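Can you build the whole structure from these sequences, using the hints too?
Residue 1186 in my numbering sits at position 210 of the sequence shown; the count goes up by one each step and never skips.
If you're looking for bench data, these hints aren't it; they were derived computationally from the structure.
These numbers come from a predicted model, not from an experiment.
Among these hints, one or two may not hold up.
With a straight-line Cα cutoff of 35 Å, these simulated DSBU-like cross-link-like pairs (lysine-lysine) come out [said to hold, decoys possible]: (1) LYS1142 to LYS1105; (2) LYS1105 to LYS1066; (3) LYS1149 to LYS1066; (4) LYS1149 to LYS1036; (5) LYS1142 to LYS1036; (6) LYS1105 to LYS1036; (7) LYS1142 to LYS1098; (8) LYS1149 to LYS1098; (9) LYS1149 to LYS1105; (10) LYS1066 to LYS1036.
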Amino acid sequence: MKILRKRAMVWVCMLLMIVAGFLLYLKRLYPHGMSHCCILGMMMALEEYAGEHDGRYPWKDETPEAALGRLHREGLTDANTLRGMIVPLKAVEEILDRGGDLGPASCGWHYVPGLTLADDRKLAFLWCKEPLEHNGQRSHDGGREVLFVGGERRWISGSRWQSFLKEQEDLLKQRSPRESEGRALVTGAIEMPDGRRPERIDEPYSLTEACEGPTVSGSGSSSGSSLRRSDLDWFRAPLDNGTVTRTLSFAGLTSGPVTVRFTNGEPDVSEVVFRMRNRQ
977 MKILRKRAMV
987 WVCMLLMIVA
997 GFLLYLKRLY
1007 PHGMSHCCIL
1017 GMMMALEEYA
1027 GEHDGRYPWK
1037 DETPEAALGR
1047 LHREGLTDAN
1057 TLRGMIVPLK
1067 AVEEILDRGG
1077 DLGPASCGWH
1087 YVPGLTLADD
1097 RKLAFLWCKE
1107 PLEHNGQRSH
1117 DGGREVLFVG
1127 GERRWISGSR
1137 WQSFLKEQED
1147 LLKQRSPRES
1157 EGRALVTGAI
1167 EMPDGRRPER
1177 IDEPYSLTEA
1187 CEGPTVSGSG
1197 SSSGSSLRRS
1207 DLDWFRAPLD
1217 NGTVTRTLSF
1227 AGLTSGPVTV
1237 RFTNGEPDVS
1247 EVVFRMRNRQ
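Take a look at the structure:
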């Protein structure tokens, strides 16, 4: 009987050691626990915010993290996404539920405030404060995923991280007044048959686009269930040299072709008007 007890104790000890070892492994692999606070969700919320705020991403708050809190106040994202991968959900929920502002200790995202849709697409403005991968896993190379102006995502390895930060400092110093202020390169307007110019169309729409240049040509279309006037703005030149022609259609109406010519990245007009007419 004593032998059986000793064997049982040995097996229990071995099992506890295996469990402890596995937990230590998970702690090392996921230093803050598993998390699915995806940067993709932040990207969609930030792009939506900029589209509704004259091309400006969240800014003018006491801290960058407080600026990100605007996304929650406007219903564009939730506390779980805002917390990032290193902050407990409960801590963030308590702050947001009482209408407080997030700070450095209550948001896991590093955010660069003040950028606009007019900025250089090489400028980055969001990444995890620690080198973690998608589900909170410790980064395999010391790098992390980075979000750039306009919605592009890219992995920056740990070996490149310091040079990446230096590149970002240099790019911030090169911003033009137009980029800093978020002014569109070309603004778009929708003119209805009765002369009204609405800021928003809550109808299914289709927007066709064709470009023609010395080194590029092609066409495509986009569609959706609603359209903001600001969605027709160009904040960056779509090509350096050539023409871009757009046609808008919705609710039995279609516009005439609207063409903008770009020369060395500069447009020949600063505003285009989509004059809607009944389809023939």
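Under the criterion that the straight-line Cα-Cα distance not exceed 35 Å, is the pair LYS1066, LYS1036 satisfied?
-> Given that 35 Å is the threshold and the Cα spacing comes to 26 Å, the pair holds.
Does the alpha-carbon distance linking LYS1142 and LYS1105 stay inside the 35 Å limit?
-> 17 Å, holds
Keeping to a limit of 35 Å between CA atoms, is the pair of LYS1149 and LYS1098 held or broken?
-> Answer holds: LYS1149 to LYS1098 is near 13 Å, not above 35 Å.
Taking 35 Å as the top limit, are the C-alpha atoms of LYS1149 and LYS1105 close enough?
-> 23 Å, holds
Agreement of LYS1149 and LYS1066 with the hint, judged by alpha carbon distance not exceeding 35 Å = 38 Å, violated
For the pair we were handed, LYS1149 and LYS1036, check the Cα-Cα distance against 35 Å.
-> 19 Å, holds
35 Å Cα cutoff - pair LYS1105, LYS1066 | Cα-Cα ~19 Å, so holds.
Taking only the CA atoms, is the gap from LYS1142 to LYS1036 under or equal to 35 Å?
-> 24 Å, holds
Taking 35 Å as the top limit, are the C-alpha atoms of LYS1105 and LYS1036 close enough?
-> Given that 35 Å is the threshold and the Cα spacing comes to 21 Å, the pair holds.
Is the Cα-Cα distance between LYS1142 and LYS1098 35 Å or less?
-> 13 Å, holds
Hint compliance for this structure: hint 3 alone is broken.
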